[in-house]
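Single-letter residue listing:
Protein chains: 2
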Amino acid sequence: MNEQIHRGLRAAPARPTPTLEDLATAAGVSRSTASRAINGGSRVSPEAQAAVDAAVLSLGYTPNRAARSLVTRRTSSIALVINEPDARVMMDPFFAAVITGVTEALRETDMQLVLLMSRAGGDPSRTVRYLRGGHVDGAIVVSHHKADGWTEELAASGLPTVFIGRPWDTGLGIHYVDVDSFEGGRLAALHLAAAGRTRLATITGPLDMTAAEDRLDGWQAGLKEAGLPAGLVAHGDFTPAGGTEAAERLLAEDSGVDGIFAASDLMARGAITALKAAGRSVPGDVAVVGFDDHLTVPGELPLTTINQPTVEMAEKAARLLLADIEDPGAAREPVIYPARLVVRESSEPQAG
Amino acid sequence: MNEQIHRGLRAAPARPTPTLEDLATAAGVSRSTASRAINGGSRVSPEAQAAVDAAVLSLGYTPNRAARSLVTRRTSSIALVINEPDARVMMDPFFAAVITGVTEALRETDMQLVLLMSRAGGDPSRTVRYLRGGHVDGAIVVSHHKADGWTEELAASGLPTVFIGRPWDTGLGIHYVDVDSFEGGRLAALHLAAAGRTRLATITGPLDMTAAEDRLDGWQAGLKEAGLPAGLVAHGDFTPAGGTEAAERLLAEDSGVDGIFAASDLMARGAITALKAAGRSVPGDVAVVGFDDHLTVPGELPLTTINQPTVEMAEKAARLLLADIEDPGAAREPVIYPARLVVRESSEPQAG
DNA sequence: GGTCGATCTGGGAGCGCTCTCATGTACCGA
DNA sequence: TCGGTACATGAGAGCGCTCCCAGATCGACC
Chain A
1 MNEQIHRGLR AAPARPTPTL EDLATAAGVS RSTASRAING GSRVSPEAQA AVDAAVLSLG
61 YTPNRAARSL VTRRTSSIAL VINEPDARVM MDPFFAAVIT GVTEALRETD MQLVLLMSRA
121 GGDPSRTVRY LRGGHVDGAI VVSHHKADGW TEELAASGLP TVFIGRPWDT GLGIHYVDVD
181 SFEGGRLAAL HLAAAGRTRL ATITGPLDMT AAEDRLDGWQ AGLKEAGLPA GLVAHGDFTP
241 AGGTEAAERL LAEDSGVDGI FAASDLMARG AITALKAAGR SVPGDVAVVG FDDHLTVPGE
301 LPLTTINQPT VEMAEKAARL LLADIEDPGA AREPVIYPAR LVVRESSEPQ AG
Chain B
1001 MNEQIHRGLR AAPARPTPTL EDLATAAGVS RSTASRAING GSRVSPEAQA AVDAAVLSLG
1061 YTPNRAARSL VTRRTSSIAL VINEPDARVM MDPFFAAVIT GVTEALRETD MQLVLLMSRA
1121 GGDPSRTVRY LRGGHVDGAI VVSHHKADGW TEELAASGLP TVFIGRPWDT GLGIHYVDVD
1181 SFEGGRLAAL HLAAAGRTRL ATITGPLDMT AAEDRLDGWQ AGLKEAGLPA GLVAHGDFTP
1241 AGGTEAAERL LAEDSGVDGI FAASDLMARG AITALKAAGR SVPGDVAVVG FDDHLTVPGE
1301 LPLTTINQPT VEMAEKAARL LLADIEDPGA AREPVIYPAR LVVRESSEPQ AG
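Quick mapping for you: the protein sequence lines, in order, are chains A and B. Numbering-wise (the numbering used here), the first sequence opens with residue 1 and increments by one. Numbering-wise (the numbering used here), the second sequence opens with residue 1001 and increments by one.
Hints were generated in silico from the structure; no laboratory data involved. Cβ atoms here follow ideal geometry from the backbone N, Cα and C, with glycine treated the same way. Just to be clear, a hint being listed does not mean it is correct.
[Unchecked claim] Sample of chain B residues lacking proximity to chain A, with all beta carbon distances greater than 12 Å (derived): (1) Val1102; (2) Gly1279; (3) Glu1333.
[Unchecked claim] Chain A regions said to be covered by chain B (calculated; three or more residues, Cβ under 8 Å): (4) 67–79; (5) 94–102; (6) 107–116; (7) 133–145.
[What the hints assert, rightly or not] Ranges between beta-carbon positions, derived for each pair: (8) A:Gly158 x B:Gly1329: 26 to 32 Å; (9) A:Leu207 x B:Ala1194: 30 to 36 Å; (10) A:Thr109 x B:Arg1199: 50 to 56 Å; (11) B:Leu1207 x A:Asp86: 46 to 52 Å; (12) B:Gly1028 x A:Gly149: 32 to 38 Å; (13) B:Leu1057 x A:Gly149: 48 to 54 Å.
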């Protein structure tokens, strides 16, 4: 009796959003049948299906995601985890490309993208807790550092996860998508050597990231292959400012540098700024090669770089994740995209 | 009895995530008390609170968001709606800045950011349906066009919504944050006039966006104020390529143009490309003014532009939204940030 | 004609949480 | 000593959905 009063009171203010129950009533079927009709409609007669479809339209019914996910244990959302101290990383076109690719892959799905930026100020474990808390069906980790220790935690949690960029510990069976960074570094070295440059230097990314390490290793292997001595190494942080500072240090150590490979386009731009400020011409005095190939601001000196199909990689990562959510535990090989040298004016005096 | 068998079977594979019930048992209190302790702890004795806190730690308890939101009707997530046909808009630093700002505002909240990109291929109403479906507690709409018709729909739905950039219909009481685009356009005109330029032209954004319209109106008002004739108008789309094409059209119409105001930095860059290709020097032959001031690629010609505090605006929008979710219906005035002229080399021959 | 299988349907439990309400306990002033 | 107030607590319902199960319906086949 108390309950009845309750229901009466609650129903009073014109129920706002229709529930499955309302839908079923409108369609003249049971809640169960309505549910089946909504979800793919197996074991539903054509008439019942049609009645439900019509009711959905006339009522403007949308399933309550919370209720559904409470019982299915699926949330229909995945997280894009960006683990960088500074929020300004979003300014890096790399992340824009990643978001573009992931969005594209989710296009025809009803999956939603939750942006998870874990940052310096916040509790680092909070992100992992969130991920383990069953709030998302899977995660794409896009930028992770050695000290994160996330790889193990995520692998242990069993949450479907795909890394963009090789994780530090690949023995855990974590899926990932990567570009062949080693080969990219090597190609840069060979290209500069072939152009007759001999006093070569590189500006690395933060070496707690595999991409930075691989590019450096490849670079050094390329130098050796070309019969050149291991050149100078300056450490950057993938930002333009970092590239500028690193280039200044390089010039201070060896003012005769005639070729620089920066592990990202942004750093290459920064390096060019420093070179010009120091009175060096590019590519006349110093040839510069970047890495990424998705900085397309017009009116700049076209940059020789290593192309990385970031949008495509992100799309692939998302599709891998969806597959992994659908069929967990299936072993999947890492997907490595080839690195491709794109020669432009910053390394070729005669070009342009 | 059947039920018992069920529960037995289900419990078998070591219950994975602890529920509130488990937590209560571990803490030696009832589910109700545990719930109260979790949620702020009013009407909970210090001992009970301590016991629950300890249990949370030892069990690694995380509330099930779906269950919670099923009863509270809150999802603890807000949507960032980006309504652009081309996914590549993400490459525009403007959106990066918006994401940065929103993320910053959500930092100390347990709110999550859901990225909602509605695009050409998809069903346009799908986004609105999603928003009305109660999947998020509120929405920030960042880029909307006249034909969307969203303003009315969203206003009618009662979903807390904040626009970044004035919506077309401000009579609906929709909250928004904007920069004074009119004043920005005016400042650009006055600046170029003061620099002695007389054959002025502008490159607009898509005129189905209020920002583009306001900048054009302000520009024309400024010209009139300076006693100059209404100059040429070319339409762009906020992209570099659009800026290039628009500038080409301007040059074709009047080869003697000596000052151009582009409604975005990206378009200004594109225009400079076209000008240089046509043999014009910047700022010698043609002075160029942009709008945005968040394109900071080093090594480029520093651009005179109208500064727009995008990160701050996005942060403000998010805070407004949070306030609106907390206390719906409270009337809130639009927040308009001042536009500020930043003079750099692209319009000042003597500078640099 | 009766039985079997296939197909469709509805009843009902329960996912994990919050919230209302009734009860229990402690402490105040009279 | 007792009624009253304040606060802490637990029982229980119910949010909207899915899914299991049992029942109903209908041909088809022996």
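Tested hints:
Distance check for B:Val1102 against chain A: the nearest CB is about 9 Å away, which does not clear 12 Å, and the non-interface claim fails. Every C-beta of chain A lies more than 12 Å from that of B:Gly1279, the closest at about 14 Å, which supports listing it as non-interface. Every CB of chain A lies more than 12 Å from the CB of B:Glu1333, the least distance being 28 Å, so the non-interface label holds. Using a Cβ-Cβ cut-off of 8 Å, 5 residues of the region 67–79 of chain A lie near chain B, which meets the minimum of three, so the contact claim holds.
Judged by the Cβ-Cβ criterion of 8 Å, the region 94–102 of chain A is covered by chain B as claimed, because 5 of its residues qualify and three suffice. Here the region 107–116 of chain A counts 6 residues with a CB under 8 Å from a CB of chain B, which clears the bar of 3, and the coverage holds. Beta-carbon proximity to chain B at under 8 Å applies to 3 residues in the region 133–145 of chain A; the threshold of 3 is reached and the given coverage holds. Hint check: A:Gly158 to B:Gly1329, Cβ distance near 44 Å, so the stated range 26 to 32 Å is violated.
Checked against the hint of 30 to 36 Å, the C-beta distance between A:Leu207 and B:Ala1194 comes to roughly 51 Å, which is inconsistent with it. In this structure, A:Thr109 and B:Arg1199 meet the distance hint of 50 to 56 Å, their C-beta atoms being roughly 52 Å apart. The hinted range of 46 to 52 Å is not satisfied by B:Leu1207 and A:Asp86, whose Cβ atoms lie roughly 36 Å apart. Roughly 34 Å separates the CB atoms of B:Gly1028 and A:Gly149, a value that falls within the hinted 32 to 38 Å.
Range check, B:Leu1057 to A:Gly149: about 19 Å between beta-carbon atoms, so the 48 to 54 Å window is missed.
This entry does not satisfy hints 1, 8, 9, 11 and 13, going by the numbered hints stated previously.
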